[in-house]
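Starting from the known structure of chain A, arrange chain B on it as the hints suggest.
From first to last, the protein sequence lines stand for chains A and B. If you read the first sequence in my numbering, its first letter stands for residue 436, the second for the next number, and so on. If you read the second sequence in my numbering, its first letter stands for residue 436, the second for the next number, and so on.
Among the chain A residues that face chain B by a calculated CB cut under 7 Å, a handful are: (1) Val734; (2) Gly757; (3) Leu760; (4) Val778.
Calculated Cβ distances over 10 Å to all of chain B for the following chain A residues: (5) Gly445; (6) Asn473; (7) Ile481; (8) Ala529; (9) Gln539; (10) Lys541; (11) Val545; (12) Asp612; (13) Glu630; (14) Asp631; (15) Leu802.
Bear in mind the hints are in silico, worked out from the structure with no lab data behind them. Since we're looking at a predicted model, the values are computed, not measured. Virtual Cβ for every residue (Gly too), placed ideally from N, Cα, C.
Protein chains: 2
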Amino acid sequence: TLPDQEILIGKMLVQRDFEDVALLLESLPLEQRLETWNSIPVDKRIDVLVVMRRDPRESLLEEMSLNDLDALFENIEPDELVELSESLPTRIVARALQAMDSKQQKFFEVTQQYADEHAGRWINQGFLTLPQNAKVRDALRLLRRDIAKYIDAVFLVDRLGHFIAAVRVSAVIGAPDHVPLSDLDEDDFATITAEDDAFDSALKVQKSGFSALPVINAKGVLIGRLDIGTASEIVNEDYERKMMASAGMDEDEDLFSPVISSAKNRAVWLGINLLTAFAASWFIGLFEATLQQVVTLAVLMPIVASMGGIAGSQTLTLVIRGLALGQVSTANRKALLSKEVRVGGLNGVIWALVIGIVVAFWFSSPLIGLVISLAILMNIVSAAFVGVLIPVALDKLKLDPALSGSVILTTVTDIVGFVAFLGLGALILT
Amino acid sequence: TLPDQEILIGKMLVQRDFEDVALLLESLPLEQRLETWNSIPVDKRIDVLVVMRRDPRESLLEEMSLNDLDALFENIEPDELVELSESLPTRIVARALQAMDSKQQKFFEVTQQYADEHAGRWINQGFLTLPQNAKVRDALRLLRRDIAKYIDAVFLVDRLGHFIAAVRVSAVIGAPDHVPLSDLDEDDFATITAEDDAFDSALKVQKSGFSALPVINAKGVLIGRLDIGTASEIVNEDYERKMMASAGMDEDEDLFSPVISSAKNRAVWLGINLLTAFAASWFIGLFEATLQQVVTLAVLMPIVASMGGIAGSQTLTLVIRGLALGQVSTANRKALLSKEVRVGGLNGVIWALVIGIVVAFWFSSPLIGLVISLAILMNIVSAAFVGVLIPVALDKLKLDPALSGSVILTTVTDIVGFVAFLGLGALILT
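So here's chain A without its partners, still in its complex pose (with noise of 0.2 Å):
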């Protein structure tokens, strides 16, 4: 009930739980949401607002008058801003960004330089840099002040702002005074830049045992770093994205989208099927002088169409999960691809040959076994062979095979099912 909810967050934002409050937020129904995030205070609401999904926030800033957005967008941060842009009407962020010093407007411009797939969009200012000829002392005394979230390493820069190296804090507090810090720098430290992709950044940031790794533009400036904070918000939301794109969804859709925008988001996906399912028809039309003659057919017809499109999205789902991890290349693309038809070739044989006698002692036909043990091997086998080459084909093309690889796939096992079931059907029965 509602009282309850506004305790439960009052004491999430006691703790600072913003993420909780978000995901409660969005679990609430439209008209229940809106009271709830009234009783949020106001100056806990940015906090919110930047760590929820696109579509629920909008839900949320789309009843706020432009007089309330003003009021609190007034003393945003800039690496806020970059998170909210997309959400707000222009005119709220021309103000949010004059009310910014100089130095955060130069920053918000320089992260609107990259695009959302970039490293370069999701970096914050919150790094400790000094000269490379700095001291153990100098380095102390930046830490001395109140220093953001997950720092874990000071940067050195040359006098052209160019990153030289990082030295660990805890190697910092260990040392004298006077040692100079180039002296306890780390070898190798991995960085990271500007152009890069977001999610092979973010993963970098998560593996390299640091907190935070540093971000140089083209020219080897740095320009800011990114935190494992926002690194694990990266990484996460790419995995979702490829969860909702399975089924033709977006990752920032609603669990409480209002049904006719909910309805419309997903149908284009059904109508992409639609098609789908009609060329299956069309082609299916193509027998039905057989599908008369031996109506048999039409009672198994889905057991083919069905193995080959689960046999194929094992196959693909692993093609997936090896090119997102950066696995799949060129190098080892024709000993997968022979891996995978071999796997298809067991599993086929076995299959056929189960279901194969199944349907023969079910329609005391021998032949119709036959007919379906051939076309299941035809089927498993091809949908191995498609299952690596589309999501492969499709990222060459620079489209994201979690999103299209299953409509394709299912396709391409369907038309090959019912055209070699009812095609040998045609041949060895009529």
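For chain B alone, coordinates are given in the frame of chain A:
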């Protein structure tokens, strides 16, 4: 080619990119993988093994002699042994334990008390603790040692080892020596209980803004910490597990498993799907006489099943994500069901009309158009219904909706689709 890979791996090892080495090894066909593995210096091998997936890791361990294994695991750290123990012969685990000091042995035993799905299994020892009455100078003394990665707070405990509070490292550095740490502690610092769900706890760490959270046992005693590096591994593996589970595969499935074991792993899923396909066929078989009279129904059958399946999987995916993030609960289940059914109703009406009109013209039969319209509407609406109910029910039964949700859903939408379509066909057309 092989020498290239060895140079690449040499470079990765210098940069301590063990994850990249692991990914590369996993991407190689078996023979090449073994050859490349043998080129890796013995003292780096544990670091690589720890970050590999289970199946490819075991493909390497199986090829090593017991003596080699012994030598390799002599100096293993307890948290590395936790990661690897499931892949190792008991004898090797026992020997590695013997070589540890009693503190390490005890830590290993503590983690072994918790199952893989509990946070307690994934803790490490690299944290700093001090008595609750310690002063800043005590904390600085600790910090000056060579401390572990991901340390941004010092934990305070009472004399019985209960967790009391946490103090930010940055607060310690800025404060005078004689200040009691308890004056600097964070309000409401989040803790994790060892029995908590590992995935939820890992998300909590990622969202906390800290690099690690303290893990306590049921009595409140501090037993370790969950750092954000481990947390990210847990979260990423869980997302991958869900992706792979949706195709009936294991997260540890190897890109280059031997053909026979890979075929065996996938065969189970194909078998389960075969049962559901046979069930669908059996229902179709009930309408053989109708199909014989109106063979067009056989041609159009796949369209009805496919539209229901797609609409249902959209709802299913949304609900599975909501469940994973804790956004679907008894509080909003009804509202969600009602919204999804309304979305389904809207899309059902739209696509029923579109498909009905196309089919009426295609087969010059308004009655067949009417039959398919009604069947599509019924199937899409019931798909929305079961798309919410199935994952919620599975979750209540502590079963993973990401694994079995889609099979059950497709079974329902196939059967409802075929029965509605052929049943209406029998009523209206014959």
